[in-house]
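S.K.: Chain by chain, the residues:
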Amino acid sequence: MKHWRTIQLIAARVGERLLVLVIIATILFFMFRLMPGNPLVAYISPTFTAEQQEALMKAFGLDKPLSVQYFIYMANLARGNLGDSFFYKKPVAQLMGELLPNTLMLTVIPLLLAYAFGIVAGTVLAWRRGSKLEGAGIIYTLISRSAPEFWVGMILLTLFAFKLKWFPASGASSPGVIYSSFLHQVTSADFWRHLILPALTMAFYLQGLPLLLMRSNMLDVLEEDFVTMARMKGVSEWTVVLRHAARNALLPVVTAMALGIGYTIGGDVVVETIFSWPGLGRMLVRAVANRDYPLAQGAFFVLAALMVFMNLVADVMYYVLDPRVGRTKEATT
Amino acid sequence: MSVDVASTQRSEVPVAEIATTTAPGSFSALWAGLRRDRMAMVGVFIYAAAFVLAIIGPSLAPYDPQQVIKDSAGNWLTSQEPSPQFLLGTTNMGRDIFSQLLYGARPAVVVGFLAAFIVVAIGTIIGLVSGYFGGWVDSVLMRLADVAFGIPFLPFVVVLVAFLKPSIWNVVLGMSLLFWCNTARVIRSQVLVVKERDFVEAARVAGASPWRILFVYVAPNVLPLSFLYGSLAMGWAILTEASVSFLGFGDPKVISWGFMLQDAYNAQAMTRGAWAWIIPPGLCIMAMVMAGFFIGRGTEEMLFPRLREQ
Amino acid sequence: MLKSHKKLTRREFLATAAIVGSSIALASCGATPTATPAPTATKAAAPAPTATKAAAPAPTATKAAAAAPTTAPAAAGDAKARVIRKLILVGQDQGSDAKEFEMGKFTADAVKQLGIDVELQAMPWEQLSDLVWYQRDKWDFTMWQMVGRAERSDPDELLYNLFHSSTVKDGYNFIGYIKPEYDKLAEAQRAETDPAKRVELVKQCQAMLNEDQPYVNYCHQMMDYVYNNTVWEPSTILDQAGIGAKNFWTFISAKPKGDQKDMVLVSGPVVTAINPLYISGGTDSWVTELIWDRLMRIGTDGLAKPWAAEKVQWADPKTVDITLRQGMKWHDGKPVTIDDVIFSFQAPMGDEAPMYKPFVSRIDSITKTGDNTCRFVLKTAYVPFETASLAKINLIPKHIWEPVLKDLSTKPENAEKYQEKVPIGSGPFKFVAWKQSEEVTLEANTEHFNAPKMRRWVLRFVANPEAVLGMMHSGELNFISFYAGDPALLLSEVQKDPKLSVVSTIELGSRFLAMNERRPPFDDVWFRKALSMCIDKQAIVQGIYKGRAVVSNSIISPSMKAWYNDKLPPIPVDVKAARQLLKDHGYDWDSSGKLMYPAGKTETLAK
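Protein chains in written order, with the numbering used here: chain A, 1 to 333; chain B, 1 to 310; chain C, 1 to 607.
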């Protein structure tokens, strides 16, 4: 049964991805514990006595051997306990929960924008092969892929927020505005006004890849037999492009989304800083600068988990859209 | 012509063989291919220029990039407009921007080259071994690649650099630990194809050891692909180093273009209208990255390494 | 189309090797990817050391012969052992504090003029404080600063904690300055009840410190706070000596002119906790100051005045009676009682609030003496008690915190970990909302005895200094309460925009170079004084602070008009005289111009 096979493959993939996550968590653990420097320094005020420092080390489990710490860490992780932030004194998981929606929006929306634009633009460029538009389009794409994101962000911020004053310059909402729920936030115009600039900055960088991929695939597909046939049948140019070519070229683009995900999450960090977007990326940077180890660890883990999850989504989409490859994959590995 | 299905692995770029019209699969073929493509030559030229600048740039610089320049009365010449004396003006602390720009070429080239080389070396070797030997070796290595793929690279480099020491070598280390996976996947796919070829079969029959076959027969046919990914990796490396410096985790002793942009950002160069401070380093970074793309055989071949017989 | 096999030709192999080899070569020459030029960079305006080498006369020529032992220039090995090692100056890196970083670079270059090799090691703030605090014998000298807080309006905290020998081991005297005469002075000033006499003692302390130069005091920064004068009545924006316009009094008296009744202000560092028993960073205290009241508060003149307490009466130097103001209510509606006050001072005495424990440590007993009065008895006479304790401890509701603290006493965590969902205080502002990493919103407590004139107080966290400027112009912000960027730029932006006004104050804190007296040559007062003479503080003020700072020669800021000793002889900036001073005290230079210890002393700390 085709579907059963697909489900099996998906399940296997889920398992693989979870394993990857476990390995990442382990790497994270060792990275943070073996780093030079006393992790408690940023936390313990000089007014603490030696006994209090001892007690705090005990409370954080920093006096136990590394292997014991590891097991405690993994057990906690499985339960969703990411420890407590040194500075905030709150559970890291709670802080993550508060900020995750913001980062999620800043990850998903630019991806969607970038792919929507890239796919359409790639199609147009393929259609207009050899024209001036294509030449300009290629140059534009190269620029978008080689300009540093933060540089673009700085310029866009100055232009649109300071000079033209079209958009606000920071945050995810106007001062004093309070959202009652995530749904409320996502449907409020104020939120979108704040989201546009950072999202565009990221989308600008991301759209290059789908654009080129789509164009390339389209160029291939447009030469294929069935397209020639359709043309010979007298079907209109537009219909040929849209109905026949685009649909077949789409698959590799969608599957190549995974490549873009890594860039998105990396870009988050920088874009959130410039636009003061209250998200995980910015929190990670601050936590690292402050040596707030549990928080830095937690933020990093959540970002990695987000990436793994999105890769998984891409995997599933791939299998669902083209189970044929799943079978072939089995044959070649 | 459809893409080789066998190589359409998840989340990787489909790959076909590199066809050439001159001498088969070698560097001379690569060079010929580059020469034909005008954009690629531009890329090569940019790299060469950067290389030269990396070596002689510091001697060309009119001022020491760290030095605070004062006038005859001892006043610090801060935030000067571009002039014949200061081609790009001075920073808000009175340092010559043009000199900094020239000095910035060296870390860019060093980071770019080194990271690209390491990434390509690791990626190619892993791709070769994984593709050729298959089996559990392949599984383990590809699992490793999955992990490397699953780690968000900028946060990782940031954390690594912040905790070890903000030095340029740690930035390179961080990138090397993660960037190889893309190359490895692609090389692996190519190896899967190449290893089925007749000459490899012939060598096997002749009794050559697997390692010999791998490095003497298979490797040269994938090396041009490595080279292409190397040039891409160089661009990514420079972008990443710039981002890390921008966030403030860069090497404080090194004037890189990313450092210059961080400096400009912290000094509110945009509000001042100090475009001569902001635009040139960004353009330099862009030029280096674009050169990598150009060398990647133009835009199409960059993603689908297959010459278009036009 | 198929490739035939091809082994690597020799040519290709060599080409590859060439590329690889040259990149490695480039990498190693790139090992110093930046030029760290020798001090004699010809374009520098500073005098080249070679010039001063001529000025250093041969050891036998001058009167120093009297002090010089007969073994003088002969033993070359002896001279080599006397050469002072490379000194490491530590300080914050560019990301942590750009100005501190630049001051570090400037200082390193200045000290080199004495003939010493100096290296600046810049690092993030946390790493620096770890080194300076916990590894007290491992650093030579450091750029440092004391932040001005309202509680530091009384000079005791600075003069005693920083320089008294009792805090050398793990307190604020991390430089290891030990001088019995100074100890006596410091102890005397904190017990002296006659105000005029106390001022005299405080000034004597400063004079002694100026002589000994344990710190080289650089400057006090000007704090420029900018506000929107179309939103706020300018006369209601109040300046507090040493603190600036961003102070408690401004927040409660700022009067909105028009429709905008919310104050929107900004901070770079975020608020991490809203907890009356915990302070993790400066910004937290902006909020706790407003939500919770205290018995006294530091007024705009820098002196403590009664606030939640109606009367503060000293029966004797160790005993003070408090009369609580009537009619105060907690934000949840319950009345504020004297039991709450007593509880508020007892709570930090345990182990649950380590940050506040030192501030109640001098209290021997607190007894309720009436329906709304109580009596504090101190262990010893402690004149700064009002500032250090009564104006610092937050009044917390017993009915909320007693069960919380009781519960916490059974657990390893302390009260710092506890975060109320809706923090309850009795202060002039009530908690409304806290959007993590984005903003904190408070609203005016209209029932407070000194209710604010604004409707809401909204604190935004903005990481980008440029965004702050833009937001001020666009009206998104109407008070710049934090600005990490270029001060000269801020002022020019204010001048360009008529709706912006600025209030400038000299800060209470100061920036200085701290020298570790555990490590020679910093244990020698003459070395420290000579070093001090090499630092051109005015140049720092002009170049790094763009004029927005004043040169300082005391840890006490001129903004503390009552305490500041303005008669201290300034340190002249004179490298020649500095070198002469060293010479007069036995120092000398070797043939390559490197500074050496006086004869008989050798370098023991070189690696």
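Derived by calculation from the structure, the hints in this document are not laboratory data.
All residues carry an ideal CB built from backbone N, CA and C; glycine is no exception.
There's no promise every hint is true.
So these bits of chain B aren't anywhere near chain C, every CB distance computed over 12 Å [what the hints assert, rightly or not]:
1. 46
2. 82
3. 249
Pairwise CB distance ranges (calculated) [what the hints assert, rightly or not]:
4. 333(C) / 63(A): 55 to 63 Å
5. 268(C) / 4(A): 21 to 29 Å
6. 79(A) / 333(C): 32 to 40 Å
Under the rule of at most 30 Å between Cα atoms (straight-line distance), these lysine-lysine pairs were calculated in the DSSO-like manner [what the hints assert, rightly or not]:
7. 421(C) / 89(A)
8. 594(C) / 253(B)
9. 89(A) / 257(C)
10. 435(C) / 89(A)
11. 105(C) / 90(A)
12. 86(C) / 70(B)
13. 90(A) / 392(C)
14. 70(B) / 105(C)
15. 165(A) / 257(C)
S.K.: Failing hints, ascending?
M.R.: Structure breaks hints 3, 4, 5, 9, 11.
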